[in-house]
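Trainee: Spelled out, the chains give:
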Amino acid sequence: MIGSFFRLGIRQMDVQLRMRVLSLWSLGLFFTQPAVFSAIGMLLARAAGNTSPDLIYTVLGAGIMGMWSGLVFTSTYDIRADRREGTLELIVGSPTPLRRVVGFRSLLNILAGSTSMLAAVGAALLIFNYSFAGINTFGVLISFALLLFALWCMGIFLANLLAWSRLSGTFVDLLEMPIALLCGFMYPIGVLPVWMQKISAIFPIRWGLEGLRESLKGSPTGEVLATKWLLALGISLLYYLLARWFDGKVHDHIRVTGELHSI
Amino acid sequence: MPPDTDVQAIETRSLVKTFKTKHGFLKRTTRATEAVRGISFQVEKGELFGLLGPNGAGKTTTVKMLSTLLIPTSGSIHILGQDILQHTTEVRKHIGFTFGGARGLYGRLTGIENLRYFAELYAMSPQQTRKRIDELLGLVGLQDRGNDRVETYSSGMQQRLHLARALLHDPELIFLDEPTVGIDPVGARELRATIKQLKAQGKTILLTTHYMAEADELCDRIAIIKQGQIVALDSPSSLKSKMTRDSYIELKTTNENLPALKNVLARLEPASEVNYAQHAFGWDVNIRTLHPGEVMELLSPLLSSNLIQTLGVRNQTMEDVYVAIIQNGEA
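Each protein sequence line maps, in turn, to chains S and Y.
Sequential numbering of the first sequence, starting at 1, is according to the working numbering.
Sequential numbering of the second sequence, starting at 1, is according to the working numbering.
Keep in mind that a hint or two might mislead.
[Stated by the list, open to error] Derived DEER-like restraints, expressed as beta-carbon distance ranges:
hint, chain 1, residue 1, chain 2, residue 2, range
1, S, 22, Y, 250, 54 to 60 Å
2, S, 201, Y, 131, 53 to 59 Å
3, S, 242, Y, 101, 34 to 40 Å
4, Y, 276, S, 22, 58 to 64 Å
5, S, 25, Y, 282, 52 to 58 Å
Think of the hints as simulated: they come from the structure by calculation, not from any bench.
Don't be surprised by glycine CBs; every beta carbon is placed ideally from N, CA and C.
Here chain S stands alone, though its shape is the one from the complex:
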């Protein structure tokens, strides 16, 4: 049982990597785009006379932008491609729940997306001699893990939306930039109007990202970080539970509407 679960995971991720992730398009999405964003941001920040830790927003912002865009586009593309290729109905018609397939695929998408962060950090280190001395390493590791978990939970939730209807892909595409703006990917969240800050609180990415920034600034592991971690974890779990609840509805809905294949 456990063996077949892991074999399914490895096979899903292997196929996902070869079919969907290893392509020139993905290379641009995950690697080139964040490196360019990072470099432009650093140039602008330096031209404005900013020094570290303000540059954290530029480096992390470019990295998270790549991870988020990667997640949105790969998750969108996965279900659309399976629907178009006629494999979605074969997956749904097997004894394995679609959520398990989507879960493993989203995990690979997130891991592939984390190369965006490496690209952004690489650009900061190599081109701009940025220093990470004095960071809270433990805090960085925990915050980054929570950020990945937050992205994964949102990924499986969005994948459900895409499975629900052929048309929902457009809606998910439209989410990319608003969420980047609301969660303050490239600037402190405090610069946003209060009402926007309140909306952004429902996205666990915001809290994971804030934890990461605090840790990179060297803030000690204490109440501030713990609060952000708890919020990131708690809201992520809510998305996970929502996705699980929604999963059963999607399974029934697509079999009523007949939207398992493309028009």
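For this one, chain S is given, so just place chain Y on it according to the hints.
Mentor: Showing chain Y alone in chain S's frame:
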């Protein structure tokens, strides 16, 4: 829960499927399309059952409901004794299905990689998977191409790989939706031979096809669907024997001789039905009659006068039965 051995493979009662589509942007209207309208039939274990019908008759919708991919609007389906709505996952373990066409495979993966991928969805062990893939590639004649990417396969090879995929977990019941569509005659013959082998192994098969000769050759029983309803259901021989009163006489003539021939054949109507079809070099004339002797007596002298190029009588085929039922409403 293992399937009950004494029950029928498929049992459907009053199956209805209505699709609702929404139209309009500001003023939303809902349009309902009844794809299947009250279908009931049973398939015995080990039987090869055919579903025939024109495009849009509801064949694929029926197969998708039977294979748990669509939920019926009303009615019930029991597969191997289990209700498909209550035991969906359990039913899926015991059925395999293919849908016609090239879709449903990952083109950038090899044939073997595709099969391994789908084997994991059925929680097969690595040993079982290796054994089944070897067996099935042999069965469908792809043992030499298993390591090639599927995008390099011909339509026929993709169709055969589909069949191998459907058989991976050794299902008791197999749904084959137009398995020979788009395949050349040699490939189609090989696929039919494979289907016969599966039947010989005791598998229950539900087949949909547009090829009447294929249905006649393979199926134990055939249901003909028209506008979402079953209009005939019997064995191929019984379906044909129900219309044995008719004989079919076929002849060929040239463009120049057609008017003279039409004058002669007009004498046969309305007792006999005469159909004309033009081709590149002249006309094919098909006469459906209750009195073949009289018709032949009338037509034979025309052979010597060159009004007719060829003349022959043939037995009634499944296609004649199908056309009579679908076009003329006979059943």
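Trainee: Does the Cβ pair residue 201/S, residue 131/Y satisfy 53 to 59 Å?
Mentor: At roughly 54 Å between Cβ atoms, residue 131/Y and residue 201/S fall inside 53 to 59 Å, so the hint holds.
Trainee: A range of 58 to 64 Å was offered for this pair. Does it hold for the Cβ distance of residue 276/Y and residue 22/S?
Mentor: Since residue 276/Y and residue 22/S have Cβ atoms about 60 Å apart, the given range 58 to 64 Å holds.
Trainee: Please check whether residue 242/S and residue 101/Y have a Cβ separation lying inside 34 to 40 Å.
Mentor: 36 Å, holds
Trainee: Confirm or reject the claim that residue 22/S and residue 250/Y have a C-beta distance inside 54 to 60 Å.
Mentor: 59 Å, holds
Trainee: Does the hinted range 52 to 58 Å hold for residue 25/S and residue 282/Y at CB?
Mentor: 57 Å, holds
In this structure, every one of the numbered hints holds.
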